[in-house]
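Please arrange chain B on chain A, whose structure you already have, making use of the hints.
Protein chains in written order, with my numbering: chain A, 1 to 321; chain B, 322 to 594.
A few of these clues could be false.
Simulated restraints on C-beta separations [what the hints assert, rightly or not]:
{"hint": "1", "chain 1": "A", "residue 1": "254", "chain 2": "B", "residue 2": "471", "range": "31 to 41 Å"}
{"hint": "2", "chain 1": "B", "residue 1": "480", "chain 2": "A", "residue 2": "39", "range": "51 to 61 Å"}
{"hint": "3", "chain 1": "A", "residue 1": "90", "chain 2": "B", "residue 2": "480", "range": "53 to 63 Å"}
{"hint": "4", "chain 1": "A", "residue 1": "158", "chain 2": "B", "residue 2": "335", "range": "17 to 27 Å"}
{"hint": "5", "chain 1": "A", "residue 1": "254", "chain 2": "B", "residue 2": "480", "range": "14 to 24 Å"}
{"hint": "6", "chain 1": "B", "residue 1": "347", "chain 2": "A", "residue 2": "225", "range": "24 to 34 Å"}
{"hint": "7", "chain 1": "B", "residue 1": "488", "chain 2": "A", "residue 2": "25", "range": "42 to 52 Å"}
{"hint": "8", "chain 1": "B", "residue 1": "485", "chain 2": "A", "residue 2": "225", "range": "15 to 25 Å"}
{"hint": "9", "chain 1": "A", "residue 1": "164", "chain 2": "B", "residue 2": "378", "range": "13 to 23 Å"}
{"hint": "10", "chain 1": "B", "residue 1": "485", "chain 2": "A", "residue 2": "41", "range": "57 to 67 Å"}
{"hint": "11", "chain 1": "B", "residue 1": "567", "chain 2": "A", "residue 2": "21", "range": "51 to 61 Å"}
{"hint": "12", "chain 1": "B", "residue 1": "392", "chain 2": "A", "residue 2": "164", "range": "30 to 40 Å"}
{"hint": "13", "chain 1": "A", "residue 1": "147", "chain 2": "B", "residue 2": "411", "range": "22 to 32 Å"}
FYI, nobody ran anything at the bench for these hints, they're computed from the structure.
Ideal Cβ positions, reconstructed from N, Cα and C, are used throughout, including at glycine.
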Amino acid sequence: MTASTNLKERARMHQPSKTAYPLSLPPKPKKKPLRKWALILVLLLVLAWAFSGSQFNFADLASGGPRMADMLSRSMPPDFSTLTDEKVYDFPPELKLHQLFLPVSLGTEQGEIKSRWWNNTFPQTILGATIQTIQMALTGTFLAVLFAFPLGFLAARNTSPHPLIYHTVKIIINFLRTIPDFAVGLILIAAIGLGPFAGTLALAFHTTTVLIKLFSESIENIDEGVVEAIEATGAHFVQIASFAVLPQVIPDFISFVLYRFETNIRAAAVLGLIGAGGIGLIMNSDFRMFQYPQAATSVLVLIVLVMFVDYTSARLRKMVL
Amino acid sequence: MAQPIIEVRDLKKGYGNGPLVLEDLSLSFHPGEFTTILGLSGSGKSTFLRCLNRLVEPSGGKIMIPSSILEKGEILEDEKPELDIVTLPLGPLRLWRRRVGMIFQQFNLAKRLSVLDNVLSGGLGGVNLFPSSLRLFSTPTREQAFRNLDRLGLLDRAYQRADTLSGGQQQRVAIARALMQKPRVILADEPVASLDPKLSVTILDILRRIAREDDISVIISLHTLELAKNYSDRIVGLSGGRIVFDGKPDRLEKEAIDRIYQPERARSHAPAL
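Isolated chain B, as found in the complex:
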């Protein structure tokens, strides 16, 4: 397979003196791949996703990315082929965040702003600070926002307030916002947990199509087995902060499923992966 876009080595996360939420995770992600992180609530899925763009600070380990995918700013002086996200200062970290779109269970749109403004907010990393802080954007940027809305079938809603849309539509706006970043990676934290089954399928269809068409690595956390099996190129089973399965969905058999969904029993005989 091609060069990975993210390579996680021995990632650890703990809060204070409590037990580790993530214990020595090592795995890689590739462009165009649709990976599901499957696990129960509390298995560490959200924490893991947030470590990848450092909305959560890891306690140890490395997260390597090829430095070629960052838009060059003057901040990046030394030309190392790989960069470690965990130790990156805020400036270059923002460059990485620009390449990583994120969508959430609660959509996290600014409810009182228009759909268009919400989509435009996805492009904030790449535009001038002061005009954009006053919500002023150049014509090409606005054009891009309209194109992304059109791609999600919401062009006619551009000037509506975001909270007038239904849940499924709001999640589509959130995807359009992520696309504004021209992302190489999309992190989706339980993106369908607040949606009904029919809308869930729609949203996952969109995400998988985007992964294929734009060669984006989509990393999504889910807790339902059926959706994970139907949509993923690859499933990573997480239980108690450890990887208990990593492979193609058709290899996910009863024993592996038990390890994911019955953590107490699995803990004793979980193989070290």
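The shape of chain A in the complex, shown without the other chains:
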């Protein structure tokens, strides 16, 4: 009841009063319709050009559909025995399980068998390859943080000791960052051979360039007042970084590093396809040998892994921020 009268009252108030004076409206801003249509036309032309270049083709999509369904049906159900069957792991009969998994002292011969199993046999299994992928991502991210942390300060306008250093680091980093990690991986595999080490270095290299950019941008956004205050106490450059800059950027840094770790898990899987170890390698060889049920298992394992890492890093981020 009261609500409706209120509404009526309000409506009355908004009606033009009888003593309305003529308004002199500001001139409407002129539109340029021609330019708008020209822009849309150019955009359409660019899109058409892109579609033709990518050989987009509905017929291929239609004929590919059934084949895709066929492939999916042949990978169902996924073959989990590659994960659960003890035979897959090929445990050496010379060793007891606790000797294999715990850091106990062994004879020379047994020790050799143990290290051979860990380095050669285990990484061939889906579980071992998954663990190797995690190890690659961890090592690569850690190495990247190690290099990017000091270099980030040099690449930030407000903490770089000299404009020349700042510009040099920025230019080099911007250039190196354009090289995709699998290209670095191909170069490194050619140089130091197939295996997870080349992949790890490739991850470390690319992540370093990305983290330097993220770190330095975060440093450039800090509240300069605190820097001024610490500088005014007669403090040294390193002390200013520790007391005025770090406390402001640490949450950002942690969040960038966690995000890059997630990205590196995926990137490590892709690097496997070019022979740099990890789960990508297994997936690739399963697909090539038409072992679809096995390949499906490794895809599922990768999905679970990525989801798990996403979830834990989100939890971690919440904990530190």
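Same frame as chain A, now just chain B:
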């Protein structure tokens, strides 16, 4: 009066080719004196204060200090009785900055660090570089930090994060940080402009008490006449980068006030001081 602790001669500051922000300022400051730099926004107050510890580089003039007040480091070889801040290299400049505490309108505390760490950061100039960069301090230094916090009535807040404190408390932490330097001069740039009137009075009371007790020269910039009159031993009126008044607060009469607060009218008949 005793020997001045800072003597400014013909100080000039301009940015690029623009007009001068400070035009030929000459004045001295003495220990234990509470001096207010009074002026509108843009009159050059902040720039002037920052020239005194060279957070802003002067464009010309001299700022002389007695070299005896610097803690002797090997950097100071020649024993001249006076030093010019304007031409000092970074090493000895840091020695001077150690003797000059500074507090700010926005407090400028490291918000995510504890109150104690913020206070300790005031002592960075006088301690070993590497342990202090890892935020490690000796027991006597920490003891000193606790004493300064106690003096500002914030001992029980030592382990709290700085951003959990109210504005007035944060400014008190900033003062404790400045005291860690065992300063001979405190520069305060609009220290109460972000605080309510009651807290403003508290902060100014503390600063005046410290000036008296520790024989520190406090140089503070304010824009409100009432606070300046109530607290200062001396007021320096600044308008358009020039000194338009310099004297005891009771000598500040209507004509001088107009010169400070109405720069356009004052410009034409400002006496050269």
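Right, here's what the structure says about each hint:
1. As the Cβ distance of residue 254(A) to residue 471(B) is approximately 34 Å, the hint placing it in 31 to 41 Å holds.
2. A C-beta distance of roughly 59 Å is found between residue 480(B) and residue 39(A), which places it inside the suggested range of 51 to 61 Å.
3. For the pair residue 90(A) and residue 480(B), the beta carbons lie near 56 Å from each other, so the given range of 53 to 63 Å is met.
4. For residue 158(A) and residue 335(B), the Cβ-Cβ distance of about 23 Å falls inside the hinted range of 17 to 27 Å, so the restraint holds.
5. Restraint check, residue 254(A) to residue 480(B): a C-beta distance of roughly 22 Å satisfies the suggested window 14 to 24 Å.
6. Roughly 30 Å separates the CB atoms of residue 347(B) and residue 225(A), a value that falls within the hinted 24 to 34 Å.
7. The hinted range of 42 to 52 Å is satisfied by residue 488(B) and residue 25(A), whose Cβ atoms lie roughly 46 Å apart.
8. Taking the beta carbon of each, residue 485(B) and residue 225(A) are about 19 Å apart, inside 15 to 25 Å as hinted.
9. Distance hint check: the CB atoms of residue 164(A) and residue 378(B) are about 19 Å apart, consistent with the given range 13 to 23 Å.
10. Distance hint check: the CB atoms of residue 485(B) and residue 41(A) are about 58 Å apart, consistent with the given range 57 to 67 Å.
11. Between residue 567(B) and residue 21(A) the beta carbon distance is about 56 Å. The supplied range of 51 to 61 Å therefore holds.
12. Roughly 33 Å separates the CB atoms of residue 392(B) and residue 164(A), a value that falls within the hinted 30 to 40 Å.
13. Hint check: residue 147(A) to residue 411(B), Cβ distance near 28 Å, so the stated range 22 to 32 Å holds.
Comparing the model with each earlier hint shows no violations; every hint is respected.
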